[in-house]
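Asks: So the sequences go chain by chain: A and B.
Residue numbering for the first sequence follows this note's numbering, beginning at 1 and increasing consecutively.
Residue numbering for the second sequence follows this note's numbering, beginning at 260 and increasing consecutively.
Keep in mind that the hints were calculated from the coordinates and are not lab data.
Being a predicted model, the structure only gives us computed values, none of them experimental.
Cβ atoms here follow ideal geometry from the backbone N, Cα and C, with glycine treated the same way.
The hints are all genuine.
No more than 30 angstroms apart at the CA atoms, straight line, and that leaves these computed lysine-lysine pairs for DSBU-like:
#, chain 1, residue 1, chain 2, residue 2
1, A, Lys204, B, Lys394
2, A, Lys159, A, Lys147
3, A, Lys159, A, Lys259
4, A, Lys87, A, Lys159
5, A, Lys147, B, Lys394
6, B, Lys496, B, Lys515
Rough simulated footprint, nothing fancy, chain A against chain B, three-plus residues with beta-carbon under 8 angstroms:
#, stretch
7, 445-457
8, 469-482
9, 486-494
Just a sample of chain B residues kept apart from chain A, beta carbon distances all over 10 angstroms, derived:
#, residue
10, Asp317
11, Leu439
12, Asn441
13, Arg505
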Amino acid sequence: MTIDVNVSLSRWPSRRLPLDETPRLVERLVRHGVTQAWAGSFDAILHNDIAAVNHRLATECSIADNGLLWPMGAVNLKLPNWKDDLKRCHETHGMRGIRLLPSSHGYGLDDPEFAELLGMLSDFRMLLQIAIRLEDPRTQHRLLSVKDVELAPLPSLMKEHPDVPVILLNAFPAANSELASLLATSARVYFEIATLEGLAGLEKQIQLLPPERLLFGSHAPFFMLESAVLKLQESAMPAPIQKQITHENAELLINTLEK
Amino acid sequence: MIWDLHCHLNGIPGRTPDEQMARLIECADRMQIDRLVLFMGTPFLLDPKPEEFRDQNDQVLQAISHWHHRAFGFVYLNPIYESESLAELDRCVANGPMTGIKLWVAKRCDAASVDAIVRRAIELNVVIYQHTWLKTTGNLDGESTPEDLAKLARRHPEASLICGHTGGNWELGIRTVRDLPNVSVDLGGGDPTAGIVEMAVRELGASRVLYGSDVAGRSFASQLAKVTGAEISEADKQMILGQNLRRLMMPVLQRKGVRL
Ligand SMILES: [Zn+2]
Chain A
1 MTIDVNVSLS RWPSRRLPLD ETPRLVERLV RHGVTQAWAG SFDAILHNDI AAVNHRLATE
61 CSIADNGLLW PMGAVNLKLP NWKDDLKRCH ETHGMRGIRL LPSSHGYGLD DPEFAELLGM
121 LSDFRMLLQI AIRLEDPRTQ HRLLSVKDVE LAPLPSLMKE HPDVPVILLN AFPAANSELA
181 SLLATSARVY FEIATLEGLA GLEKQIQLLP PERLLFGSHA PFFMLESAVL KLQESAMPAP
241 IQKQITHENA ELLINTLEK
Chain B
260 MIWDLHCHLN GIPGRTPDEQ MARLIECADR MQIDRLVLFM GTPFLLDPKP EEFRDQNDQV
320 LQAISHWHHR AFGFVYLNPI YESESLAELD RCVANGPMTG IKLWVAKRCD AASVDAIVRR
380 AIELNVVIYQ HTWLKTTGNL DGESTPEDLA KLARRHPEAS LICGHTGGNW ELGIRTVRDL
440 PNVSVDLGGG DPTAGIVEMA VRELGASRVL YGSDVAGRSF ASQLAKVTGA EISEADKQMI
500 LGQNLRRLMM PVLQRKGVRL
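Using the sequences and the hints given, assemble the complete structure.
Replies: As structure tokens, this is what we get:
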């Protein structure tokens, strides 16, 4: 049983990926024991018609097997009337959360609209995913070249909205261990393992962060799904902690939203 | 059979190379990796002086000393110090147990000073692992691009060269070395981006593609995944995971009388 909190549908802007058609991605997820996957859309990177992106995402997720895919809608805080996109994610599509791509959309977490968004998510009882990066800056396409999201503004903002669960996607190595542990211990901030590296890196990470703040994430289909799966094999850890990471923490997170 | 082309001691916990090696093997065992190639010591030195690269190689010699059935060493050289590098190559490879050469970022590899090292490598039947990257964000001064390696490979068609990291920006790296049969590509050290192995096999043939991890900076997991999850045949996976590296190293292993 595994909940993958970091997958995406549709097309990567500068490359076709072996699993960028939803049925093929679903087949691979199932093959590796993924029972639920929280999916954003690569279309959100460049498209301005975010309402259409989210509509397609919701439709695509609804036709996948047994509710495997949970849509994480896109909101671009630099587009006019983004609040309407958020409302539609909540009211029309019944999404549990949204995913932000601040680097691609050109703002930082110190943007006042970000604080406003946190307030609305709190009212809607939705979770927030923030992609700290989508791709290593060293390999980005020249026309899509952006920096990692700066996390420094986050600790103080989270104090004002302690009830909103925030999942940082692809946050290693941008989140240094000091900041990561501050976020994980002082707020409802979670990290997933797609970009966690190093020899037996997960084994090391559970010494640095509370295991209840770690989630399974693959960044498939841009990354190989097998990368996240094999990380569990490379690191030795007590079975209860492995269960927390693969699905229990994510389940608990969702339960608290539903209460 | 899995042979990992690209491992480092740096970043592995342990007070000595022996302790680091024990930890490395423990993790390799979890991933069913049979053999490891090690190069460079602690700390990483971009432009080591001769006494420094000798010390780095001593660390690797110590690390592999109790693990000859599991690990190989490649000698780390700096072409800026040509005569000292040639002497070190003889110390560690001709007269020592090492079985390949690692060149990093001190000097771009199309420089004339690399030629003497390549000629000696050909005599000794060893491969040269050359780090290459083509960074969107800009390279270091001495950092080779795949094009630099291609120039070197054209000058020395009988040398066996490995294009480190497949050039980082692998779509460009693969294109650059496509027509050079004496160049193989190392899959290690980059994010586990989907499609790298499929493109490399399509453009170069599976026999020129090598699994390597770049631990300890990377995980075995993310790098093995590129191969195990790729949409290629099982036979191609076996070549990439170990058989190709075994083939490339076989001349020197036979010369040294290494039994596998
Ligand atoms: Zn390396």
